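Asks: Here the protein sequences come in this chain order: A and B.
Quick note: our numbering has the first sequence finishing at residue 174, numbered continuously throughout.
Quick note: our numbering has the second sequence finishing at residue 335, numbered continuously throughout.
These are computed hints drawn from the structure, not numbers from a lab.
Hints may contain errors.
As the list claims (entries may be wrong) - With a straight-line Cα cutoff of 25 Å, these simulated DSS-like cross-link-like pairs (lysine-lysine) come out: (1) B/K181 to A/K155; (2) A/K172 to B/K205; (3) B/K181 to A/K157; (4) A/K101 to B/K181; (5) B/K90 to A/K157; (6) B/K181 to A/K172; (7) A/K157 to B/K88; (8) B/K88 to A/K155; (9) B/K48 to A/K101; (10) B/K90 to A/K155; (11) A/K101 to B/K38.
These figures come from a predicted structure and were not determined experimentally.
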Amino acid sequence: MSDERQHWPLFEVFIRARAGLEHKHVGSLHAVDAKMALEHARDVYTRRMEGVSLWVVRSADITASDPDDADAFFEPAKDKIYRHPTFYEIPDEVKNI
Amino acid sequence: MYTQGLDALGDESLHLPEEELAELEAHFQAKIDADEKIEPKDWMPAAYRMTLIRQISQHAHSEIVGMLPEGNWISRAPSLKRKCVIIAKVQDEGGHGAYLYSAAETLGISREQMIEQLLTGQAKYSSIFNYPTPSWADIGAIGWLVDGAAIMNQIPLCRCSYGPYARAMVRICKEESFHQRQGFEIMIRLCEGSTAQKRMAQEALDRWWWPSLMMFGPDDANSKHTGQSMRWKIKRFTNDELRQKFVDVTVPQAEFLGLEVPDDALVWNEETEHYNFGPIDWDEFQRVLAGHGPCNQERIRARIDAHESGAWVREAALANAAKQSKNL
Numbered sequence: 078m079s080d081e082r083q084h085w086p087l088f089e090v091f092i093r094a095r096a097g098l099e100h101k102h103v104g105s106l107h108a109v110d111a112k113m114a115l116e117h118a119r120d121v122y123t124r125r126m127e128g129v130s131l132w133v134v135r136s137a138d139i140t141a142s143d144p145d146d147a148d149a150f151f152e153p154a155k156d157k158i159y160r161h162p163t164f165y166e167i168p169d170e171v172k173n174i
Numbered sequence: 008m009y010t011q012g013l014d015a016l017g018d019e020s021l022h023l024p025e026e027e028l029a030e031l032e033a034h035f036q037a038k039i040d041a042d043e044k045i046e047p048k049d050w051m052p053a054a055y056r057m058t059l060i061r062q063i064s065q066h067a068h069s070e071i072v073g074m075l076p077e078g079n080w081i082s083r084a085p086s087l088k089r090k091c092v093i094i095a096k097v098q099d100e101g102g103h104g105a106y107l108y109s110a111a112e113t114l115g116i117s118r119e120q121m122i123e124q125l126l127t128g129q130a131k132y133s134s135i136f137n138y139p140t141p142s143w144a145d146i147g148a149i150g151w152l153v154d155g156a157a158i159m160n161q162i163p164l165c166r167c168s169y170g171p172y173a174r175a176m177v178r179i180c181k182e183e184s185f186h187q188r189q190g191f192e193i194m195i196r197l198c199e200g201s202t203a204q205k206r207m208a209q210e211a212l213d214r215w216w217w218p219s220l221m222m223f224g225p226d227d228a229n230s231k232h233t234g235q236s237m238r239w240k241i242k243r244f245t246n247d248e249l250r251q252k253f254v255d256v257t258v259p260q261a262e263f264l265g266l267e268v269p270d271d272a273l274v275w276n277e278e279t280e281h282y283n284f285g286p287i288d289w290d291e292f293q294r295v296l297a298g299h300g301p302c303n304q305e306r307i308r309a310r311i312d313a314h315e316s317g318a319w320v321r322e323a324a325l326a327n328a329a330k331q332s333k334n335l
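When you get a sec, could you build the whole thing from the sequences and use the hints?
Replies: Laid out in structure tokens, this is it:
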């Protein structure tokens, strides 16, 4: 029993600073379940009115890309400079493009 | 998931006593008036939710159907550079459709429902994508005019009162900035070219000018949603205001290209400091919206084909996922 209590699962915490902004990752904490994680997140991460909304997600439920593979993983976007507006030549006298 | 339980309060509010409902509505409108954003879990009037579902899903459908007229030219782009560019643009449009569908899902409608509404013709999409693209110059004109008009419509939506929609629009506008530039660059090259190339550019402008003006929707006197959408700050400018702005910035661009805007009534008005322009053929607009444009059937057919012939991929992916989880 006491073994299990030592293994409270980890939760990632996301805060929406104010309505209109996206939730942003701020850190993590341990809790027995999502309800407790929300309450702890409130106490740990929003003691100074840091937000108007909280999300908690079991860390184990997050699948992350592998940093060692980052080069190969993000490689497809590297040579596509034509996805950027600066790739196109528009004469200075043309406005609003 | 957003789609679960979010509507609980919305449904309950149908049975609320009138004075309680009025209080909720007053509180909601006060937030909007104070320029605060509405987020998925906030209480909102059922009509606000429905208006947004209609608008965002139509917007998403427009991005998806919008891939088709340009997709027509991927295999025939005149150079490798142009081919890369048009593929990147069509990819973006698919992505924009995806951002918008997920913004709509925060309001309690499912992806499957929206796709079904598109494929059965229950949902509308922008009338502009029902016009054909017979020449390469149309790809230039679409980027310049259609994306130009879309950007003009979309920039104010970045400040829309509904948070998930506004955030999706910020991302879309940022990505879209190359779309218009690549189109205008195509027009510049054609207009610098041979007489035949310049004629192609002029013909494309002739084809796309009026449909582009129609993209802003019915004139203000006949726009049934404008008033309420402005009060809710879903819309920030009226259709006619945005249309005028589009004409004002686009006419000098046509002059730069040495092309003629196909409107005899077009004239600069010193007094208003805007261009006056001729009447729009609203019968044509209504015909195209009602499904009788040059390509309506072809577009929906293409979407249905894509959906049906892709069914095995979705099924195979699900079967594979089920198999993998069994193996664990």
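Asks: It remains to establish, for every hint, whether it holds in the given structure.
Replies: Status of the hints after comparison with the structure:
no., hint, in the structure
1, B/K181 to A/K155, "holds, 18 Å"
2, A/K172 to B/K205, "holds, 21 Å"
3, B/K181 to A/K157, "holds, 16 Å"
4, A/K101 to B/K181, "holds, 20 Å"
5, B/K90 to A/K157, "holds, 12 Å"
6, B/K181 to A/K172, "holds, 18 Å"
7, A/K157 to B/K88, "holds, 10 Å"
8, B/K88 to A/K155, "holds, 16 Å"
9, B/K48 to A/K101, "holds, 17 Å"
10, B/K90 to A/K155, "holds, 17 Å"
11, A/K101 to B/K38, "holds, 23 Å"
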